[in-house]
Amino acid sequence: KAGVTQTPRYLIKTRGQQVTLSCSPISGHRSVSWYQQTPGQGLQFLFEYFSETQRNKGNFPGRFSGRQFSNSRSEMNVSTLELGDSALYLCASSFSSVTDSFFGQGTRLTVV
Amino acid sequence: GIQVEQSPPDLILQEGANSTLRCNFSDSVNNLQWFHQNPWGQLINLFYIPSGTKQNGRLSATTVATERYSLLYISSSQTTDSGVYFCAGLAGSARQLTFGSGTQLTVLP
Numbered sequence: 134k135a136g137v138t139q140t141p142r143y144l145i146k147t148r149g150q151q152v153t154l155s156c157s158p159i160s161g162h163r164s165v166s167w168y169q170q171t172p173g174q175g176l177q178f179l180f181e182y183f184s185e186t187q188r189n190k191g192n193f194p195g196r197f198s199g200r201q202f203s204n205s206r207s208e209m210n211v212s213t214l215e216l217g218d219s220a221l222y223l224c225a226s227s228f229s230s231v232t233d234s235f236f237g238q239g240t241r242l243t244v245v
Numbered sequence: 831g832i833q834v835e836q837s838p839p840d841l842i843l844q845e846g847a848n849s850t851l852r853c854n855f856s857d858s859v860n861n862l863q864w865f866h867q868n869p870w871g872q873l874i875n876l877f878y879i880p881s882g883t884k885q886n887g888r889l890s891a892t893t894v895a896t897e898r899y900s901l902l903y904i905s906s907s908q909t910t911d912s913g914v915y916f917c918a919g920l921a922g923s924a925r926q927l928t929f930g931s932g933t934q935l936t937v938l939p
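Chains as they are written, first to last, in the numbering used here: chain S, 134 to 245; chain L, 831 to 939.
Keep in mind the hints are simulated off the structure, nothing from the lab. Please read these numbers as outputs of a predicted model, since none were measured by experiment. Using N, Cα and C, we set each Cβ at its ideal position, and we do this for glycine too. Among the hints, erroneous ones may be present.
Unchecked claim - What follows is a set of in silico ranges between Cβ atoms, one per label pair, in the way DEER data are often shown:
(1) PRO172(S) / ILE874(L): 15 to 23 Å
(2) GLN908(L) / SER203(S): 39 to 47 Å
(3) SER203(S) / GLN934(L): 24 to 32 Å
Stated by the list, open to error - Chain L side only, calculated, beta carbon under 8 Å to chain S, not exhaustive:
(4) ASN861
(5) GLN863
(6) TYR878
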């Protein structure tokens, strides 16, 4: 059974640009959530999607957005990148929001 | 939202030693997980344990939901156990995992 797949694994962008990250969940999982990990703030929740609907959103500016497709794959977008957006972005999938979550390998974003 | 506190923040052990990591949460949780973050950043599932005790090889975990804490035991530690261990909880209707700040474990040969 394939795990959670995130692409790309590494990304370098310039301030002001935008970026799109992709996450393919485990087959059959309909809940996809996104987290940002930085040395200073730790692991913080960005948002959660279930059946193409955003059900919950963390405390991040509107530059951070996401969506989920009918096949449960999800993308997150960050517009007008800032240096502080440099982080490891982790995606997790679960069968439902109250069962265990499984994480992908992450996308390491560096903004220069 | 809930608060999750982990202790100790850092732990250095000699290979073969045993250790206990603790996770306290501020409110009742209906989903509690332990993860090990590998050097490449991926969070590896160790236990899904909202209550009770589970064992998997040299690792075991216990959650006492009524007292709002969970413990992760590592016995006969190996150098490959090194890394950061996180616990994370989900409470009430919030559909988001709240993570502790992690325990950085270093196992020396």
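Taking the hints in turn, this is what the structure says about them:
Range check, PRO172(S) to ILE874(L): about 20 Å between beta-carbon atoms, so the 15 to 23 Å window is met. For the pair GLN908(L) and SER203(S), the supplied restraint of 39 to 47 Å holds, since their beta-carbon distance comes to about 44 Å. SER203(S) and GLN934(L) have their C-beta atoms about 41 Å apart, which leaves the hinted 24 to 32 Å range violated. Checking ASN861(L) against chain S: minimum C-beta separation of about 5 Å stays under 8 Å; hint holds.
Because the closest C-beta pair between GLN863(L) and chain S is about 6 Å apart, less than 8 Å, the hint holds. Taking 8 Å as the C-beta cut-off, the interface hint given for TYR878(L) holds, the closest approach to chain S being about 4 Å.
Of the numbered hints stated above, the single one contradicted by the structure is hint 3.
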